[in-house]
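Peer 1: Take a look at the letters that make up each chain.
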Amino acid sequence: MSGGLSLGKDLVGLEELSADQVRLILDTAEPFKEVSERAIKKVPALRGKTIVNLFFEASTRTRISFEFAEKRLSADTVNVATAASSVSKGETLVDTARNLEAMRIDMVVIRHGASGAAQFLGQRIRSNVINAGDGKHEHPTQGLLDMLTLRDRFGRLEGLKVAICGDILHSRVARSNIWGLLKVGAEVGVCGPATLLPRNVHELGVTILPRIEDAIQWADALNVLRLQLERMQSGFLPSLREYNRVFGVTTERLARAPKDLLILHPGPMNRGVEIDSDVADGPHSVILPQVTNGVAVRMAVLYLLAGGSPDWAQGGGDA
Amino acid sequence: MRPILIRGGRLLDPSRGTDEVADLFLADGKVQASGRDLGRPDDALVLEAAGKVVCPGLIDLHVHLREPGQEDVETVATGAMAAAAGGFSAVCAMPNTDPVTDNQAAVGFIVSQAQRAGKARVYPIGAISLGQKGQQLAEFGELVGAGAVAVSDDGKPVVSSHLMRTALEYARTFGIPVADHCEDPTLSAGGAMHEGLVSTRLGLKGIPAAAEEIMVARDILLSELTGGHVHLCHMSTRGSVELIRRAKEKGLRVTAEACPHHFTLTHEACEGYNTNAKMNPPLREPEDREAVRQGLRDGTIDVICTDHAPHHYDAKEREFDDAPNGIIGLETALGLAITELVDSGLITLADLVLRMSVMPARIFNLPGGTLAPGAAADVVVLDPETPWTVRPEKFYSRSRNTPFAGRELRGGAETTIVRGQVVFQRRS
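Chains as they are written, first to last, in the working numbering: chain W, -18 to 300; chain R, 498 to 925.
Hint data in this document are derived by calculation from the structure and do not stem from the laboratory.
Don't take every hint at face value.
What follows is a set of in silico ranges between Cβ atoms, one per label pair, in the way DEER data are often shown [as the list claims (entries may be wrong)]:
hint	chain 1	residue 1	chain 2	residue 2	range
1	W	192	R	721	40 to 50 angstroms
2	W	-14	R	682	15 to 25 angstroms
3	R	748	W	79	58 to 68 angstroms
4	R	771	W	79	48 to 58 angstroms
5	W	213	R	612	32 to 42 angstroms
Glycine included, C-beta positions come from ideal geometry on N, C-alpha and C.
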């Protein structure tokens, strides 16, 4: 394997990674999948390491996934969930960072409502920082687990056509998928109402698919984003009903596809809004395998940032 | 007060079309004479200016001095000293202090603080509306009586077109301009930077250029309606420059200003979530920067101002969304203007003095902006050549929030003279 290749100190986003680094993480995740299938789901890779999961925003799935990844690598973990962002009250993020530093922790997994928060933290502490979602910027481990799931099913990423559908404007999942997929040679389309497509997004190198029918004709796989239900109040959409009628991924629409499309969704789903239940629960949905892969990808990231060698992981992780 | 003889410098006074090597004699707070080999009164302080440029003191129509309310980041005295060090003999202080400069007592306080400081002149700008709340007109007559030279709700846009209309009409009575911060808040709400490719990549909410241009267009229409003088603050987009160009072709009473950061930087300065590149209006695209430069070249934009906006380092040391807008500019403006505009061949040094001294004085009807005999003895001796590096820790300003730290610039103030007295002399 890629001797000498590493991720650096932090994982802030996929934009900063090279194609080789993206592949390194995906390849390292492969042997970690097996750990979760064992009766005793534990390897000693991060024994003695302390990790803080610092969640300034509510999260169930991502936080639990990280926590399982950490525990299966034998790290000692502490969860800090704080509803109050630094905007309104409480200590500033820089003070939080300094306090964590003073406790000599090894890694911080941070979820924060402000874009750039993970990078901000990473620049101010010596510990490794992993971005578990910062504002509308990136959610790199989600992007990686989506890519791993695609690679599992198609056997490759290069040349694959992936359409990301929904609220691209406010989505960190979309940005991480766009960067990661483009790096390894996949084609990326974005599909959603024009109010929810970011300015100049085509300059990132993606194809704009104005209608969901266009995405279905074009793609090999659809990654259907969760629609934040408050987007109506802020004037981006008239109603959920209309959104489902115009942009919903439905069986009827998929039936007109030239081939079977793989269906991904980062969760949590709004059934009957962006995706119909029979699609989510249907034969081409990989929504639950995504969740399974999430643990393996996060184990790989934690392991690599801690300085682990990919060869060791390939060998089964028993050294 | 000791007379001053500035000897052998290049006298550059675009107000009279003067550009010659000559002496300049100042006494009794006024310019007395200029010419070759002026005699020297025995008691005069002689400043040798060979190889230097002697011009009317620079005037900044747009600064925030934070007093009263935030004296920990700037005061009238520290701001006036920073101004002098930047070659400015006068600055105009925006009213978004705490409390707001919306009454004669508040205006009088700033005037007296400036007199006590005795550095650059500080002219207060009064608020358009009480508390800058955008509802009830402030007492322009009393503001002007106490020393205000213009009115503005800067920091906030005047949302109500009706209020802007009445402000323009009422200001005519007192012969003052209404300076507007052009921003449609329904388009800019929650925005942290320019809306474009960089905001898309960083996942930050953008402020579209149209948020500025809509208000520029409105203000131009209201100037036409009322005959009032609207002064458009810190123009940042190519669309704004085009709108102003057309308004001027129609002969409307519209003037405009632009800041060094908008003719120097683009939204790419926000990369890495650099909060010292966060300002409002935001840094825009290369085409906008070029339009601002061309506007300054052809006079569509009348003046260069700084929008000097001090903030505590803690306030900028945080998430980009939560950091306050603005950068300081008094001590970098001249160097940036010389480096970016004059050295690049876009404008001459005389044009620069026009945009930083002559036109500001004319637009706000202030003393200075000329070296004509009898004019205020507000003079700056410039060294347009010597390279220097921006070191914020050496600033006279109480704040350090600048995106230009470490930048190599050419040109700066050697000596600043206000009311016939040396208020700044560069340490050699």
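Peer 1: Against the structure shown, which of the earlier numbered hints fail to hold, in ascending order?
Peer 2: Violated: hints 2, 4, 5.
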